[in-house]
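Enquirer: The residues making up each chain are set out below.
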Amino acid sequence: MRLKVAGHVHNVVRKSATEFEVDGVRVTAGRASANATRHTRAFVVREGERVFAQVGGRNYLLTVMSRAAAEAAEHAPTQGELEAPMPGRVTRVAVAVGDAVKRGQELIVVEAMKMENALVAPEDGVVTSLSVKVGDMVAPGPALVVVEPAPEAAS
Amino acid sequence: MGIRTVAVFSEADAGALHVREADRALLIGKAPSSESYLRSDRILEAAKEAGVDAIHPGYGFLSQNGDFADACAAAGFTFIGPKGDVHRLMGDKKAARQQVQKFAVPVVPGYDGEDQSDARLAAEASRIGFPVMIKPSRGGGGKGMHVTNSAAEFEAVLPRARRESLSSFGNDFLVLERFLSKPRHIEVQVLFDQHGKGVHLFERECSVQRRHQKVVEETPSVALDADLRQRLCASGVAAAAAANYTNAGTVEFLLDSSGEFYFLEMNTRLQVEHPVTEMTLGLDLVRLQIEIAEGKPLPFEQWHLNPRGHAIEARLNAEDPRHHDAPSPGRILHFEPPHGPFVRCDSGVATGSVVPEYYDPMIAKIIASGPTRDAARTSLIEALRDLVVLGIATNREKLIQILESEPFRSGRIHTGVLDEIGPLPAEVPPSAEDLARIAEALEAAPSPSGVATASAETAPDPWAAANSWRLA
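First to last, the sequence lines map onto chains A and B.
For the first sequence, counting from 1, position 101 maps to 101 in the working numbering; every step adds exactly one.
Heads up: take any position in the second sequence, counting from 1, add 1000, and you land on the working numbering.
These aren't lab readings, by the way, just hints derived from the structure by calculation.
Cβ coordinates follow ideal geometry from the N, Cα and C atoms, glycine included.
Wrong hints could be hidden among the right ones.
[As the list claims (entries may be wrong)] Which stretches of chain B does chain A cover? Using the computed rule of at least three CB atoms under 8 Å from a CB of chain A, they are:
hint: 1; stretch: 1015-1021
hint: 2; stretch: 1333-1347
hint: 3; stretch: 1351-1359
hint: 4; stretch: 1431-1440
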């Protein structure tokens, strides 16, 4: 399977009852591994494509990717696709599709537990897609707003 | 105690753990607390409908509200806590300071008088003793505050402090206060029955704070020797007596690095961190609160109380320490509390719980005890590693970082220690072995697609291997 975590896609293939190949390197899996301890148990919950894992005392958020999605992810820039940092309510939408925006400019504000979190433009560009309005409930995952980089000449 | 319980809940908490565990639960309003948990009228209606005898206000919302305490009494219910006027006196910070001073409880030396002449302020600064902090009377949030270390520096800074106060707050009235360097937050738990008898249940140290919110609490404090402990606890009892206190309360002090302590405020309710006291004294504070409210005398004398060992509590919050502690409400897909002979987990959530976006982010308290501070500390670290929370971000790894840090290990803590400890290091990507473990667990998960409601685990140790179905 292909697991995406921290921006990298890893190829994980079972090779035997005890062995996996991770990005071409053979490793012994959890329970058979010599240095396994109580704290190297892996706890996972899968919700659709998202995988929440706790292993070795650390938490990870991973995505299970199809082959096509994995290949696309390696090529397509996703930096301008902004998602909600946490579940919450959209309290402000400061831009519209077609607006030119500057790096750092506030685009959308999501409020949760009385804290405001602003989504800001990662670079100078143009808003090419906007999928929310004030009052919408949002969660991490889908892109709420997309900023395409400005052409070279404009910067 | 054989007492049936009735819980109240808002629409956001319909599936909450406290609702499931109570004998009966009544809906009191919409999710925002201003439309439910802060509505004393709705709470009293629910109390009448359920026919309760007494109301325990918990430790948030209306628990320190004197008018609510009075309203309960007027409606014929026993309020488990002090009377309304006690809440109001201690809720007024200035009045509380003046009242406890009359009973020889030390307060931070300061001056907030009307005479604002240069000569008077300089004289007051010398009387207070340097270092002296100059604060705008109207100020807040650290703005316009100056620390001066000598009379000469005070004179030099005073005109600038006046100008800044005037420009920032439209008023150049200044307040002087002794500046406390690296203070510790140490509080005294007190218990007073309705017959005038009061005791202290020793101290708790809560110096590890983030924006005035406690994060890790412990008892005893390593900063106190027997003499200082005796004086501090006696001051706690004196402060409570000054307010004609009844029931459980906490008197908070700041301890300066010079060993001087000063009254900060009194919390007229049960504290979040009360379990560390329970664990070292073997007492149930909520039971004692109820017995006091019933009019029973305290069941022990001060000299019967002998704390044993050490206990530390860590507050688990639904927040992301790698993203400015942003709250992380949402559904908990898997929750596994830690186990162990000296570990206690007071949790408000379970697998499947939804953490609402509306309230405080604290979801559980993990407490560990042991014969020594280091035994309690290492047990708590183990417990936090065993604790599993999947589906939302928590500060679990941050708590481990704090407990493993040099300042905490050595006990050299103060209210600004989290700045010293620094942010949680950047996320380490999973190793190849970890990825293999995750893949293996995913293969074994009962529901490999859609929403899986159970977690799978690989079991490297022989004890867990006894659960053979996990290995099939």
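Enquirer: Does the stretch 1431-1440 of chain B contain three or more residues whose Cβ lies closer than 8 Å to a Cβ of chain A?
Expert: Since three or more residues must qualify, the claim that chain A covers the stretch 1431-1440 of chain B holds, with 10 doing so at under 8 Å.
Enquirer: Closer than 8 Å Cβ to Cβ for three or more residues is the test here. Does the stretch 1015-1021 of chain B pass it with chain A?
Expert: Check failed, 0 qualifying residues.
Enquirer: Given that the stretch 1351-1359 of chain B was listed as covered by chain A, double-check it with a C-beta distance under 8 Å for 3 or more residues.
Expert: Satisfied; 3 residues make the cut.
Enquirer: For the stretch 1333-1347 of chain B, does the count of residues with a C-beta closer than 8 Å to a C-beta of chain A reach 3?
Expert: holds (count 3)
Checked against the numbered hints listed earlier, the structure breaks hint 1 alone; every other hint is satisfied.
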